[in-house]
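Residue numbers (UniProt numbering), protein chains in the order written: chain H, 1 to 422; chain F, 1 to 422.
Since the hints were derived computationally from the structure, they do not count as laboratory data. Treat the hints with caution; some may be incorrect.
[Claimed, not checked] Listed next, the in silico BS3-like pairs over lysine-lysine satisfying Cα-Cα at most 30 Å (straight line):
#  : chain 1 : residue 1 : chain 2 : residue 2
1  : H       : 122       : F       : 110
2  : F       : 210       : F       : 110
3  : H       : 30        : F       : 144
4  : F       : 144       : H       : 144
5  : H       : 144       : F       : 20
6  : H       : 20        : F       : 144
7  : H       : 30        : H       : 20
8  : F       : 112       : H       : 122
9  : H       : 110       : F       : 20
10 : H       : 328       : H       : 110
11 : F       : 110       : H       : 20
12 : H       : 112       : H       : 122
13 : H       : 110       : F       : 122
Model, not experiment: these values are computed from the prediction.
There are 2 protein chains.
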Amino acid sequence: MALVVQKYGGSSVADADCVKRVAQRIVATKQAGNDVVVVVSAMGDTTDELIDLAQEVSPLPPARELDMLLTAGERISMAVLAMAIANLGHEAKSFTGSQAGVITDSSHGKAKIIDVTPGRLKSALEDGSICIVAGFQGVSQDTKDITTLGRGGSDTTAVALAAALNADVCEIYTDVDGVFTADPRIVPAAQQIPRISYEEMLELAASGAKILHLRCVEYARRYNIPIHVRSSFSQREGTWVVASSEETEVEHAIISGVAHDRSQAKITVVGVPDKVGEAAAIFRLLAEAEINLDMVVQNVSAASTGKTDISFTLPASDGQAALTALNKVQDGIGFESLRFDDRIGKISLVGAGMRAHPGVSATLFGAIADAGVNIEMISTSEIRISVIVDQDDVDTAVQAVHRAFDLDADQVEAVVYGGTGR
Amino acid sequence: MALVVQKYGGSSVADADCVKRVAQRIVATKQAGNDVVVVVSAMGDTTDELIDLAQEVSPLPPARELDMLLTAGERISMAVLAMAIANLGHEAKSFTGSQAGVITDSSHGKAKIIDVTPGRLKSALEDGSICIVAGFQGVSQDTKDITTLGRGGSDTTAVALAAALNADVCEIYTDVDGVFTADPRIVPAAQQIPRISYEEMLELAASGAKILHLRCVEYARRYNIPIHVRSSFSQREGTWVVASSEETEVEHAIISGVAHDRSQAKITVVGVPDKVGEAAAIFRLLAEAEINLDMVVQNVSAASTGKTDISFTLPASDGQAALTALNKVQDGIGFESLRFDDRIGKISLVGAGMRAHPGVSATLFGAIADAGVNIEMISTSEIRISVIVDQDDVDTAVQAVHRAFDLDADQVEAVVYGGTGR
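Just chain H, with the same shape it has in the complex:
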């Protein structure tokens, strides 16, 4: 008998009919002989509606109370899902994050899980119950207040419970068939990836692929929990996210996929005195403002002026805070001006195979250049190359790169089914 943790997102439980269909899938998993723990998000637009309600009474609601409010969403979905399962003749019990033992720090709205003590879930499983757990929420170790985990929180809840319960698999249900080589809305020929390593999935998630959240993949990698990303609307196999091994490496494609991200902005600090410590002062300041930088480029200073420009990218939503913080220290640091550009896009090519294939960057830059797109910034990791382009060029560049690396479905089908002629 296996222990399966399943996570269903808001679109999978959008209304009563969806809830009933999900209940049937859960019961089928149970009837196949598995113990089942289900993590569920709030139904459909519930969370947005609750945020709207909060805005009606307060423009800046206290974070503790906003968490209290938002956690009502999963409370509703989990209870209704447990009812739907009971209606199919199986015992189901719902548990809040607190009841399920999801212990967090006290950072309301973006709490981190610091411990999971699933004693009540274990007892319920031993009694033969299906456990339904509220995603996205926990209880603070220090204050005993209710917390939420922030974006991707329900995925993280599922993986954390899978780890604490030593589950065999964590199934993440969504409205697509798995992880694709690119966003199918931009690249219709994008293909589903059957198997991908944690490392590659981390790079894809960090690069804008929205299907799994970074924290969830990090958690799965740390505890070696296999994630199976699949559609709640079909029975098809989805994408397995697993530890890389030599075996998988050998059969692995050079490139896993192309991710893109339109949510970043670029700030350029113009005319920074080229002295030791000036750049460090700028980045320390931004770190203190809790702003996460992504790419950083420092130009070679002009010998004539002894000044340089420093550019960096960051989430566009942090742009105003960063500009405010920088403006305050303009005199102290002595830079000339600030430039802000939120009309940028980032394109990232991810693949464990690129470690062993030195030609990858040349092919990438060539494909983007051939498509007539200008590259503004470049950054690389061991298994990823990212470039910044104009936001209007994102689709063109993604399509060109996807084609250049033979990721389009037709070409791959040619390889697989085209016989020995090639």
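Guided by the hints, dock chain F onto chain H, whose structure is given.
Coordinates of chain F only, in the frame set by chain H:
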């Protein structure tokens, strides 16, 4: 500095504007120098909407899960109310029933409070916070599951917290100005009662007056917590429900008010053998089915047949269960048939003064007879007389009784303002 517990019902917090107005009232109480604990119900129709949602997935949802679902309603209202108070510049913290220390038994949907351990509320009050507590809910001592208290639960939560915190007053806010001598929709001349004893309020509540629930008044009486029932839409003084004292007794009206109840039904067991123990067997059976009887009448048996009829009243909603239970034992007990009548109404006259005024029942029966209404059953307590009439006659009988005991407003105003001429 006083400690004030305030309770706001669903209609007082029906939407964001209502919540903001309630927040202002709470802040005014705080600014007047009081510590404030607020108990709040779910907003407007939230609870009904959640019940509808449950019905969509299951005709008979498990009670544990229904409680989990319904408690989302107060979670929303309390968080939003805390936000609205924070927006006025005062610190407010919301607490679930469980967090507030409302410990109950495990009877989902109708749990009883067995202990209140408000440690977190006390700490928050010491820190200067206003405490907002979810009404209607608690946590089971045995299973640690979330429970709801059933009808009138938020009033009971408020009084229980007032008792545990040793509060100076428990203010119950509603959409009318307090307790009236009769339902103003039936008797437009009904008057607000400024002061009433726990005992009289208990009788009124048990007799169908809906303004305060029986359990809440019982709780207040046991712990001697003064209740102030008042409108959330005005600043007027409402009705104080307090311990009776000789002082209040002297100045007290003979009659406090007239209550009515259309939710009862009457069952007659026809042709019961007039042997020792037959009636007891019937009532034991109904007790085992957890059916609460109200009035009971056993006719004198006819000497010729040795048989008698037993009639009793009960909540109409329990009618089917009672008939089913009785049908099962028809052969064993040997009664002839069952009659069921849910077209009845109960009218109750309540007043501590009737103890010392023996003419009350004569006036009551006379007034009803003069109004041309037939009395079907009668029951009395020390401070209450109730009669069963045809449901269509309820309004007529209530109006007649109210007038007969000089409770109509014009007459009383004549007493107060009419000078010494009378």
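To see whether the hints hold, each was checked on the structure:
1. 122/H x 110/F: holds (28 Å)
2. 210/F x 110/F: Judged against 30 Å, a Cα distance of about 18 Å means the pair holds.
3. 30/H x 144/F: Given that 30 Å is the threshold and the Cα spacing comes to 26 Å, the pair holds.
4. 144/F x 144/H: holds (16 Å)
5. 144/H x 20/F: holds (27 Å)
6. 20/H x 144/F: holds (27 Å)
7. 30/H x 20/H: It holds: about 15 Å lies between the C-alpha atoms, which stays within 30 Å.
8. 112/F x 122/H: The hint holds at about 28 Å.
9. 110/H x 20/F: holds (28 Å)
10. 328/H x 110/H: With a Cα-Cα distance of about 27 Å, the restraint between residue 328/H and residue 110/H holds, given a limit of 30 Å.
11. 110/F x 20/H: It holds: about 28 Å lies between the C-alpha atoms, which stays within 30 Å.
12. 112/H x 122/H: holds (23 Å)
13. 110/H x 122/F: Holds: residue 110/H and residue 122/F sit about 28 Å apart, inside 30 Å.
In summary, this structure violates none of the numbered hints.
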